[in-house]
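**Student:** Here are the chains, one letter per residue:
4 protein chains.
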Amino acid sequence: MINTQDESPKHQLKLERVGIKNLKTLIKIDRNNKEFRHIPKINIFMDLNEDKKGVHMSRFIESITEILEDEVRDNHKSLEQIGKHILEKLKIKHSYFSAEIEFESEIPIYELTPVSKKDTIEIHDIKVRLRNNNGSWIKVLEVNVIGNTACPHALAVNKKGTHIQRAIGNLKIETDFDNDIDLEEMIETVENSFSARVFTLLKTEDESFVVDKMHTNPLFVEDVCRNMLSIASKKFKKSKIHAECLSYESIHRHDVFAEGAIET
Amino acid sequence: MINTQDESPKHQLKLERVGIKNLKTLIKIDRNNKEFRHIPKINIFMDLNEDKKGVHMSRFIESITEILEDEVRDNHKSLEQIGKHILEKLKIKHSYFSAEIEFESEIPIYELTPVSKKDTIEIHDIKVRLRNNNGSWIKVLEVNVIGNTACPHALAVNKKGTHIQRAIGNLKIETDFDNDIDLEEMIETVENSFSARVFTLLKTEDESFVVDKMHTNPLFVEDVCRNMLSIASKKFKKSKIHAECLSYESIHRHDVFAEGAIET
Amino acid sequence: MINTQDESPKHQLKLERVGIKNLKTLIKIDRNNKEFRHIPKINIFMDLNEDKKGVHMSRFIESITEILEDEVRDNHKSLEQIGKHILEKLKIKHSYFSAEIEFESEIPIYELTPVSKKDTIEIHDIKVRLRNNNGSWIKVLEVNVIGNTACPHALAVNKKGTHIQRAIGNLKIETDFDNDIDLEEMIETVENSFSARVFTLLKTEDESFVVDKMHTNPLFVEDVCRNMLSIASKKFKKSKIHAECLSYESIHRHDVFAEGAIET
Amino acid sequence: MINTQDESPKHQLKLERVGIKNLKTLIKIDRNNKEFRHIPKINIFMDLNEDKKGVHMSRFIESITEILEDEVRDNHKSLEQIGKHILEKLKIKHSYFSAEIEFESEIPIYELTPVSKKDTIEIHDIKVRLRNNNGSWIKVLEVNVIGNTACPHALAVNKKGTHIQRAIGNLKIETDFDNDIDLEEMIETVENSFSARVFTLLKTEDESFVVDKMHTNPLFVEDVCRNMLSIASKKFKKSKIHAECLSYESIHRHDVFAEGAIET
Numbered sequence: 001m002i003n004t005q006d007e008s009p010k011h012q013l014k015l016e017r018v019g020i021k022n023l024k025t026l027i028k029i030d031r032n033n034k035e036f037r038h039i040p041k042i043n044i045f046m047d048l049n050e051d052k053k054g055v056h057m058s059r060f061i062e063s064i065t066e067i068l069e070d071e072v073r074d075n076h077k078s079l080e081q082i083g084k085h086i087l088e089k090l091k092i093k094h095s096y097f098s099a100e101i102e103f104e105s106e107i108p109i110y111e112l113t114p115v116s117k118k119d120t121i122e123i124h125d126i127k128v129r130l131r132n133n134n135g136s137w138i139k140v141l142e143v144n145v146i147g148n149t150a151c152p153h154a155l156a157v158n159k160k161g162t163h164i165q166r167a168i169g170n171l172k173i174e175t176d177f178d179n180d181i182d183l184e185e186m187i188e189t190v191e192n193s194f195s196a197r198v199f200t201l202l203k204t205e206d207e208s209f210v211v212d213k214m215h216t217n218p219l220f221v222e223d224v225c226r227n228m229l230s231i232a233s234k235k236f237k238k239s240k241i242h243a244e245c246l247s248y249e250s251i252h253r254h255d256v257f258a259e260g261a262i263e264t
Numbered sequence: 001m002i003n004t005q006d007e008s009p010k011h012q013l014k015l016e017r018v019g020i021k022n023l024k025t026l027i028k029i030d031r032n033n034k035e036f037r038h039i040p041k042i043n044i045f046m047d048l049n050e051d052k053k054g055v056h057m058s059r060f061i062e063s064i065t066e067i068l069e070d071e072v073r074d075n076h077k078s079l080e081q082i083g084k085h086i087l088e089k090l091k092i093k094h095s096y097f098s099a100e101i102e103f104e105s106e107i108p109i110y111e112l113t114p115v116s117k118k119d120t121i122e123i124h125d126i127k128v129r130l131r132n133n134n135g136s137w138i139k140v141l142e143v144n145v146i147g148n149t150a151c152p153h154a155l156a157v158n159k160k161g162t163h164i165q166r167a168i169g170n171l172k173i174e175t176d177f178d179n180d181i182d183l184e185e186m187i188e189t190v191e192n193s194f195s196a197r198v199f200t201l202l203k204t205e206d207e208s209f210v211v212d213k214m215h216t217n218p219l220f221v222e223d224v225c226r227n228m229l230s231i232a233s234k235k236f237k238k239s240k241i242h243a244e245c246l247s248y249e250s251i252h253r254h255d256v257f258a259e260g261a262i263e264t
Numbered sequence: 001m002i003n004t005q006d007e008s009p010k011h012q013l014k015l016e017r018v019g020i021k022n023l024k025t026l027i028k029i030d031r032n033n034k035e036f037r038h039i040p041k042i043n044i045f046m047d048l049n050e051d052k053k054g055v056h057m058s059r060f061i062e063s064i065t066e067i068l069e070d071e072v073r074d075n076h077k078s079l080e081q082i083g084k085h086i087l088e089k090l091k092i093k094h095s096y097f098s099a100e101i102e103f104e105s106e107i108p109i110y111e112l113t114p115v116s117k118k119d120t121i122e123i124h125d126i127k128v129r130l131r132n133n134n135g136s137w138i139k140v141l142e143v144n145v146i147g148n149t150a151c152p153h154a155l156a157v158n159k160k161g162t163h164i165q166r167a168i169g170n171l172k173i174e175t176d177f178d179n180d181i182d183l184e185e186m187i188e189t190v191e192n193s194f195s196a197r198v199f200t201l202l203k204t205e206d207e208s209f210v211v212d213k214m215h216t217n218p219l220f221v222e223d224v225c226r227n228m229l230s231i232a233s234k235k236f237k238k239s240k241i242h243a244e245c246l247s248y249e250s251i252h253r254h255d256v257f258a259e260g261a262i263e264t
Numbered sequence: 001m002i003n004t005q006d007e008s009p010k011h012q013l014k015l016e017r018v019g020i021k022n023l024k025t026l027i028k029i030d031r032n033n034k035e036f037r038h039i040p041k042i043n044i045f046m047d048l049n050e051d052k053k054g055v056h057m058s059r060f061i062e063s064i065t066e067i068l069e070d071e072v073r074d075n076h077k078s079l080e081q082i083g084k085h086i087l088e089k090l091k092i093k094h095s096y097f098s099a100e101i102e103f104e105s106e107i108p109i110y111e112l113t114p115v116s117k118k119d120t121i122e123i124h125d126i127k128v129r130l131r132n133n134n135g136s137w138i139k140v141l142e143v144n145v146i147g148n149t150a151c152p153h154a155l156a157v158n159k160k161g162t163h164i165q166r167a168i169g170n171l172k173i174e175t176d177f178d179n180d181i182d183l184e185e186m187i188e189t190v191e192n193s194f195s196a197r198v199f200t201l202l203k204t205e206d207e208s209f210v211v212d213k214m215h216t217n218p219l220f221v222e223d224v225c226r227n228m229l230s231i232a233s234k235k236f237k238k239s240k241i242h243a244e245c246l247s248y249e250s251i252h253r254h255d256v257f258a259e260g261a262i263e264t
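Residue numbers (our numbering), protein chains in the order written: chain S, 1 to 264; chain R, 1 to 264; chain E, 1 to 264; chain Y, 1 to 264.
Just so you know, the hints here were simulated from the structure itself, not pulled from any lab data. Please read all numbers here as calculations on a predicted model, not as lab measurements. You may find that some hints are simply not true.
Note: identical chains are not told apart, hence a pair may lie in one copy or across any two.
[Stated by the list, open to error] DSSO-like mimics (lysine-lysine), calculated; alpha carbons at most 30 angstroms apart, straight line:
1) K91 with K41
2) K235 with K52
3) K89 with K117
4) K159 with K118
5) K159 with K53
6) K203 with K91
7) K10 with K203
8) K235 with K10
9) K52 with K160
10) K203 with K21
11) K24 with K235
12) K159 with K52
Given only the sequences and the hints, what does the whole structure look like? Please build it.
**Tutor:** Pasting the structure below:
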């Protein structure tokens with residue numbers, strides 16, 4: 001039987017990450033008695049020693065498939081837990097020193113509009129990454145949330161008003177696997193850092209509420225970024241917190257940006 | 001010599017467009033005594049009769065290469081003219097009934113900021129398409145320009161101000177090859193259709209000018225779209241004019257959109 | 001009460017499509033006793049008469065929300081049916097002549113690998129569009145499916161083999177609302193049009209099967225496109241069928257492309 | 001005069017990167033007596049102390065504009081040199097500890113086809129990043145180059161042939177500002193690491209050459225990645241070298257990937 005992957009490579013160099021990118025599959029999660037379904041984009045990697053030509057790529061897929069077919073309900077209570085089981089299964093099939101899995105997906109959050117109190121569903125982009133480094137487990141949770149900035153400088157110098165724009169807040173938390181952190185709480189942190197939160201449904205009275213809020217809470221991207229870091233550092237302990245805000249300026253063709261980090 | 005392309009196909013069906021997508025090359029244009037350089041994304045297609053298995057793809061590239069190497073300066077005075085020469089050259093190499101070439105690129109425009117009168121260069125996305133339909137030539141020129149909308153409804157109902165956001169205007173003009181239309185004039189048309197034009201450089205006094213302009217000229221995407229159609233219909237004769245405006249709402253996660261057409 | 005949208009516009013021009021783009025929400029479908037969940041990207045538009053300044057955008061969201069909250073199970077048996085109910089609801093809230101809704105999503109298909117007969121889930125991109133034109137309903141179903149092409153010309157002229165590459169097949173069917181067409185059958189049509197179908201999981205024996213299949217079934221993009229048109233025209237009656245194949249050439253930086261249409 | 005940026009922020013936190021993203025402008029470079037023109041996407045950032053509310057964003061643009069208007073020809077001999085002058089100019093206008101500029105662009109390379117020796121222009125994506133860290137200058141050069149992989153395992157186990165696909169090689173070099181490294185040499189390094197180099201124009205004899213080359217030089221993404229690291233480590237001294245290869249598998253919907261690093 002030919003096993004090209006186990007042959008000796010031409011250049012004996014260790015590689016940090018070898019694996020699969022942009023794999024899509026269906027994942028069902030049972031969290032707080034609610035079923036979530038994801039069709040995430042999955043990246044999965046392991047390191048490769050200098051003496052092996054290649055990784056057996058099909059073992060990644062098998063590990064994913066076997067874990068997803070597992071009927072034990074408790075094994076499916078979060079993406080990070082499924083990820084951990086996949087990397088553990090992979091370790092049995094294919095020895096590694098470090099390995100990593102990432103899920104890129106979306107979650108729906110049920111909200112009420114701010115004044116009219118109507119039901120609305122808001123969809124947010126999330127990323128869950130899990131890394132096994134020689135047996136120790138690190139997870140990185142990430143959310144991308146849409147909001148806005150109203151420029152405080154233009155508001156201070158102009159009589160007619162200020163410039164306002166859509167902005168994207170990104171909050172990333174790296175912590176131990178066992179440190180329970182809710183994606184929903186991370187999303188709330190970002191939403192509360194903007195000039196105003198946004199909603200899919202807005203009746204006239206809600207729209208007025210949001211427009212007022214933007215004008216009474218004008219913020220630079222720098223302010224939004226610091227807000228995220230400040231709120232997150234109170235909520236999420238024993239974590240490396242990283243925050244970014246990108247604003248689609250309404251007075252320019254380009255975007256403005258702020259990025260910072262803090263450790264708790 | 002084997003010529004698989006000229007064999008008979010399994011299913012004898014005529015195809016509308018067969019060719020190459022996303023080819024990149026360097027093109028130099030000599031227009032109004034200024035040299036423009038493009039690295040456009042090029043799509044090039046021809047129709048294929050039901051009795052041929054395939055198109056000789058390398059003949060597209062050869063036609064492009066031979067025309068671009070042509071030293072006659074007058075042959076390079078616009079993307080549409082180069083496109084015409086490429087399709088004429090292709091016709092000699094490879095018989096077709098209809099053929100088409102598209103260039104996706106950018107153009108720089110030299111401007112002055114509105115109040116401080118500083119120099120600024122603004123870059124805009126353009127598309128130039130040329131179609132030969134049994135010998136008759138149609139060109140389609142397209143520009144994508146960034147600006148903004150300030151909501152007139154929110155301005156009318158709120159005391160504090162309105163919501164404002166970045167918007168994208170798209171103007172497309174289909175006309176005879178010989179009808180001279182400047183991309184720069186199309187860009188100006190879109191810029192004048194927004195609540196306010198935007199600039200890469202804005203000194204404080206310029207920024208105030210833009211903020212004021214947005215508040216004195218509040219527009220829905222519907223208004224921006226109609227402005228484009230109205231201005232364009234006066235400027236560009238014997239044309240099919242198509243306009244779109246997409247606005248990155250600052251109070252929502254989604255975008256709003258308007259699209260219309262007019263013939264002159 | 002101020003109603004800016006109902007005012008008279010500056011330029012009295014009719015607009016074809018006014019509405020919302022890139023809205024995301026959660027939709028549950030009950031089809032053949034299986035529950036599907038989508039988080040589609042939704043576009044929704046209506047036409048706008050020359051005498052009205054704007055569309056009441058919140059009515060789109062309300063129509064979507066009210067239909068999705070509807071507990072009648074039969075109302076949720078396909079994306080096109082939900083779309084129809086949304087446009088009917090919208091008609092009550094906001095008069096229009098024509099309106100349109102599009103859902104961009106993904107569907108999972110459960111398959112067996114070709115030789116080892118292992119379970120595998122394959123995810124495909126789909127688009128469902130529904131248009132109401134003065135009371136008559138047209139639907140457009142679209143699938144994007146990944147496969148491959150092996151070049152028949154290179155296979156004929158080279159001793160060592162041919163060039164092979166990933167390709168994307170797009171099949172679009174426009175038909176009456178009542179003409180039942182399965183997205184799964186459309187996906188199967190595209191998969192059977194390639195040199196070989198692809199799978200997420202491939203054991204060694206499956207991989208050999210796919211590699212063999214590609215070499216015994218070499219196809220140009222033109223062939224793939226005609227295959228789709230030919231198979232689809234037998235399966236899907238009273239339809240406008242449109243097919244495209246784009247191939248990420250392994251011997252070039254650019255892609256090759258074929259497009260055709262047929263009516264049944 | 002109101003100077004909101006210099007006020008004290010609500011949360012006194014230092015930020016790592018504050019600035020502008022996705023700005024586009026026109027840049028002319030005079031290198032080896034040839035004029036190159038770029039319309040790069042530019043990102044420019046500086047750090048922000050905990051005691052200042054914001055960065056004066058217009059000073060970034062002014063620094064860029066003033067350097068680009070500079071007529072001294074020697075100031076424009078590479079993107080990294082222009083970047084250095086922009087960050088030096090920015091330091092005068094706006095104090096910082098660290099600052100960074102990135103240019104994302106394309107370069108054309110004039111080549112001959114492998115057998116027929118025809119002229120062909122190949123376009124490659126590049127990125128040039130420059131960082132000033134408290135006065136010390138680090139540059140990071142990056143190229144993205146298209147090529148292919150032919151699977152050595154499938155070639156070994158199948159009689160008919162193997163699977164082949166387009167692949168992307170990414171090579172990144174971090175080094176001192178004064179260490180002269182040619183983007184062209186980096187591109188050549190990546191091209192020589194694939195199963196075969198690709199060309200925009202291929203006559204039949206060239207295509208056969210490429211197809212033969214792929215079959216006599218079958219490589220995993222792991223091999224391509226190690227090839228890049230090995231060749232680059234011989235060519236580029238005193239550098240941190242990082243290499244990635246992503247392959248658009250023709251037998252799967254997903255991509256495979258390898259990443260490694262080496263220091264010289």
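**Student:** Okay, which hints does this one fail, numbers in order?
**Tutor:** none
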